[in-house]
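**Student:** Working from the sequences, and respecting the hints, build out all of it.
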Amino acid sequence: MPKKREVVADTSALLSLQAGDLLNRIGEYFTFLITESVTEELREFAQHDDELGNTAQGVLGKGEVLDERAVSMTEEIPEAEPTDNEVYNLALEKELMLITDDVKLCRKIEKVETAFSTYFLGFLVESDELTADEALEKLKSMRDRRNWRENIIYLTTRKELEKLL
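In this note's numbering, the protein residues as written are 44 to 208.
In case anyone wonders, no lab produced these hints; they're calculated from the structure. Note that the coordinates shown come from a computational prediction; the quantities given were computed from them, not determined experimentally. Every residue, glycine too, gets a C-beta built ideally from N, C-alpha and C.
With a Cα cut of at most 35 Å, we get these calculated DSBU-like pairs of lysine-lysine: (1) Lys206 with Lys183; (2) Lys151 with Lys183; (3) Lys206 with Lys137; (4) Lys183 with Lys46; (5) Lys147 with Lys206; (6) Lys206 with Lys105; (7) Lys151 with Lys47; (8) Lys154 with Lys105; (9) Lys206 with Lys154; (10) Lys202 with Lys151; (11) Lys47 with Lys105.
Quick list of the computed label-pair ranges, beta carbon to beta carbon: (12) Glu193 with Arg112: 29 to 37 Å; (13) Glu79 with Lys202: 32 to 40 Å; (14) Pro121 with Asp64: 34 to 42 Å; (15) Arg48 with Asp93: 30 to 38 Å; (16) Asp171 with Glu79: 34 to 42 Å; (17) Glu177 with Lys137: 30 to 38 Å; (18) Pro121 with Lys183: 33 to 41 Å; (19) Arg86 with Asp64: 19 to 27 Å; (20) Lys151 with Glu111: 20 to 28 Å; (21) Asp64 with Leu198: 19 to 27 Å; (22) Asp176 with Lys105: 19 to 27 Å.
**Tutor:** Here's what the structure looks like:
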């Protein structure tokens, strides 16, 4: 198997990938660089006995695909949460794509390539790991478990996956 690629991921993206039962599969190709704050957020969510808590516990149990890194804060995104600034700075420092499902954060970032967690559905289809139909089913599962309804993440990804049918 080729060397795994690295991406930076925030809490929202990791939760979505776990909700779609994709974290292990994507972890065969990618290592997710995270910050201490992402780990702390996941631990906070994991304390709750609900769907989100169970999902966070699942992410924390996938340590083999996560790589926590220290980060130097060199830039700040105005009005962004500290964790968002950390993952942004890590992506900036390492010159890596930032995977986030925070639509507002994506709009504020200019110096780093960003993608939604659903980016990996297209990747898996192109890698012949999933059919387009299977990817659409995973997308619907992510939408339902993450309460996306008909948001921009769901709609744009559905449109792209339907082109692959």
